[in-house]
Amino acid sequence: MNPKIARHVYGWLLFTPAAIFFILFTHYPIVRSCFLSLFSNSRGGRPPEFVGLENYHYLIDDPIFWQALKNNLIYAFGTIPVTICLAMLMAVWVNRQMAGRAFVRAAYFTPTILPMIAIANIWLFFYTPGIGLFDNILQYFGYPGRNWLGNPDTALACLMVIAVWKDAGFFMIFYLAALQGLPKDVIEAGRIEGAGRFYFFRRVTFPLLMPTTVFVVFNALINTFRIIDHIFILTKGGPDNATELLLYYLFQTAFEFWDTAYAAVLTVVIMAILMTLALAQFKVLERRTHYQ
Amino acid sequence: MEPSAFWHRIETLAAWLLALIWAAPLLYAFWAAFHPPHYAVHFSLTAPLTLANFVEAWQTAPFARYFLNTILYTTTTTALQFVLCTLAAYSFACYDWKGRDIAFALILIQLMVMPDQLLVVNYQTMTALKLVDSIPAISLPYIASAFGVFLLRQNFKQVPIALAEAARVEGAGPLTILMKVYVPLSKSVYLAYGLVSVSWHWNNFLWPLVITNSVTTRPITVGLSIFGSPENGVNFAIVSAGTLMSVAPLLVGFLLFQRQFVQSFMRAGIK
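Protein chains in written order, with my numbering: chain B, 1 to 292; chain F, 1 to 271.
It is possible that some hints are incorrect.
When the alpha-carbon atoms are kept at most 20 angstroms apart in a straight line, the in silico EDC-like pairs for lysine to aspartate or glutamate are as follows [said to hold, decoys possible]: (1) Lys4(B) to Asp96(F); (2) Lys236(B) to Asp116(F); (3) Lys157(F) to Asp96(F); (4) Lys4(B) to Asp101(F).
Footprint (simulated), chain B over chain F, 3 or more residues, beta carbon under 8 angstroms [said to hold, decoys possible]: (5) 12-26; (6) 84-97; (7) 179-189; (8) 205-218; (9) 250-259.
Simulated from the structure, these hints should not be mistaken for lab results.
For every residue, glycine included, the Cβ atom is placed at its ideal position computed from N, Cα and C.
Input sequences plus hints: build the corresponding full structure.
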């Protein structure tokens with residue numbers, strides 16, 4: 001075969017098996033979701049009808065959607081700063097020489113590899129009214145127990161605590177890698193100048209860790225729209241929609257209410273959010289590289 | 001004592017304290033699982049050790065079958081990912097074909113929107129393919145992985161062209177070059193990708209929940225969610241035992257190969 005043509009043929013042949021599955025389970029569903037979101041559900045044997053943006057009007061008037069979006073934002077902005085601070089702190093600590101460093105590092109990282117369902121099973125017991133760990137602590141100090149997950153004021157916070165616990169160790173490893181890659185001469189200069197540890201961190205280390213922080217922030221943001229497994233065990237979106245997050249609402253709409261058209265609308269919304277976040281991350285990283 | 005040594009000790013102490021807090025939930029699950037149910041809320045150093053909770057958990061739910069399903073699903077997915085992503089990455093890294101850059105840009109969309117968010121249409125597709133409630137149905141949406149293609153392509157690009165050229169001169173065809181030159185030089189990437197993929201799928205929940213509805217297909221996470229739900233009324237000691245059993249393979253693997261796990265996750269994240 002002519003080598004010039006062979007290049008194209010081999011290239012395509014090698015790509016084809018993967019391409020089939022990419023199209024079938026990623027690209028087709030994206031297009032199909034957009035399409036379905038413009039139609040009504042089929043009712044009583046009648047085929048779906050084109051309804052234009054009617055489903056989107058419904059979305060704008062749907063208080064549960066807005067509640068879920070609000071919860072998602074609270075969840076993100078409540079957990080991410082705390083997780084990042086803890087991750088940095090963990091990385092700085094684990095990066096030093098100290099007794100039992102291996103144990104400490106393993107303790108920080110282990111929650112990352114456990115399935116969210118297993119984690120939720122364990123934490124469920126902590127939050128159980130009356131006999132759970134938190135109520136035991138409260139009662140020890142003479143306070144009455146409370147229904148942590150059954151109270152709309154505390155339920156979302158309970159989920160957020162778990163998210164911080166699970167993610168801090170994961171983000172620690174990125175900071176740890178960044179710390180170990182810091183230029184040695186800068187660290188040395190800081191040491192000779194006699195800069196205090198905290199001062200040095202604030203003026204030198206923290207700015208140098210900025211690219212890692214950008215990466216971690218966007219990853220954490222995207223995760224809040226992706227990881228909802230614990231809701232299935234702990235609250236199922238309740239009480240009173242207090243722990244309804246967007247992806248969980250999509251699941252309920254599709255597989256509990258069987259409202260395919262509206263589920264397609266929610267899919268489109270989630271896709272739009274995820275793509276916006278990815279493009280924003282790209283823009284931020286692109287801008288940063290000009291300065292470095 | 002000079003101040004820096006003093007602060008060094010304070011920091012070590014704080015690091016230890018945080019580590020204990022971080023380990024507490026898991027240690028607590030161990031405590032509850034290995035003691036009679038009564039001791040789940042009463043700490044006592046003299047509490048008798050027992051394996052009864054594990055026995056009861058094992059008998060209450062078909063854990064053996066769930067494990068088998070998870071192993072089948074996880075290994076199938078990872079193996080097929082290796083094959084498809086290797087071929088695609090080889091194509092992107094070493095062949096300059098018409099439409100390549102557009103195709104690459106298109107598959108990167110999957111880094112933003114994963115099959116997990118597309119479960120409504122994917123469920124319809126599986127219904128049309130008559131695959132609902134089967135192990136292939138859990139796997140198929142994941143086997144073409146943009147992340148895998150991306151990771152392997154990066155690595156293949158770093159392989160010196162001269163090596164491939166030398167093999168070509170000796171008469172090796174494209175697939176021989178791939179198997180004899182590129183794959184052996186990327187062992188560490190396959191290890192990293194394999195570890196991340198196996199732990200990701202071992203823990204995967206939402207799509208398996210949606211697409212399975214019987215004991216013969218449900219992976220361990222879905223089985224565990226049914227087992228542990230409060231409606232089931234199983235006490236905490238037994239839930240802990242079941243939970244620990246289902247995470248045991250990953251946990252043991254992690255403790256044995258900690259360095260590889262951490263490096264793999266890091267490599268996978270940074271890309």
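Structure-based check of all given hints:
For a cut-off of 20 angstroms, the pair hint linking Lys4(B) to Asp96(F) stands: about 10 angstroms separates their Cα positions. Proximity of Lys236(B) to Asp116(F) is assessed by CA-CA distance (about 18 angstroms); at most 20 angstroms being required, the pair is judged to hold. Simply put, Lys157(F) and Asp96(F) have alpha-carbon atoms about 13 angstroms apart, close enough for the 20 angstroms limit, and the pair holds. Distance hint between Lys4(B) and Asp101(F) is fulfilled; the C-alpha atoms sit about 18 angstroms from each other, no more than 20 angstroms.
Only when three residues or more bring their CB closer than 8 angstroms to a CB of chain B does the claim for the region 12-26 of chain F stand; here the count is 11, and the claim holds. Counting residues of the region 84-97 of chain F whose C-beta lies closer than 8 angstroms to any C-beta of chain B gives 10; at least three are required, and the coverage claim holds. With 0 residues having a Cβ less than 8 angstroms from any Cβ of chain B, the region 179-189 of chain F misses the three-residue criterion, and the hint is violated. Counting residues of the region 205-218 of chain F whose CB lies closer than 8 angstroms to any CB of chain B gives 4, so the stated coverage by that chain holds, three being the minimum.
Counting residues of the region 250-259 of chain F whose CB falls under 8 angstroms from any CB of chain B gives 5; the rule of at least 3 is met.
Consistency with the previously given hints fails for number 7 only.
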